[in-house]
Amino acid sequence: MNQEVATPVRNFTALLSSTPRGARLARLLATEQLRAWEYPLDEAAQIVAELATNAATHGRVPGRDFRVTLHVVGTTLRIEVTDTRGDRHPRLGSVPDAESGRGLLLVDALADRWGVAPGPHPRKTVWAELDCSLRERSRTSKVRR
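Note that this note's numbering has the sequence shown beginning at 1, numbered continuously upward.
Where hints are given, some of them may not hold.
Derived DEER-like restraints, expressed as beta-carbon distance ranges [said to hold, decoys possible]:
{"id": "1", "residue 1": "Arg102", "residue 2": "Asp131", "range": "15 to 25 Å"}
{"id": "2", "residue 1": "Gly63", "residue 2": "His89", "range": "15 to 25 Å"}
{"id": "3", "residue 1": "Val9", "residue 2": "Gly63", "range": "30 to 40 Å"}
{"id": "4", "residue 1": "Asp42", "residue 2": "Pro20", "range": "14 to 24 Å"}
{"id": "5", "residue 1": "His121", "residue 2": "Arg35", "range": "28 to 38 Å"}
{"id": "6", "residue 1": "Arg24", "residue 2": "Gly63", "range": "12 to 22 Å"}
To be clear, the hints were calculated from the coordinates, so they are not data collected in a lab.
Think of the CB as a built atom: it goes at the ideal place given N, C-alpha and C, for glycine as much as any other residue.
Given these sequences and hints, build the entire structure.
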């Protein structure tokens, strides 16, 4: 007999203003949504904050918003931030003593995978994925010690 195993799928999307306030709201909304889904991932909140700040700062076009999307499929959480500056792709790397420019280094360190996908002109989506099962195993092994 074949049994189908249900794969949990969850989605959340918010359209926010390309401002520092919009970036802060992106992190707050994502944190609350993850909490409602019982995904208390500090890494995810930090990734949302970095990608939303980049969208509001470097992907900003006056009068155009950016979008934050969270997808959970199985044990993978995918964070996407879409802005309207498809001509400006993020670059990994920074000047060590600079006051800014280290956000993508943080995303690279926290995410299991990340990248950039072109969207319908003029958009682009910067995405990051976290494997929640690996983090749960890591968290429970630390608690047992």
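Could you work out which of the previously given hints the structure breaks and list their numbers from low to high? none
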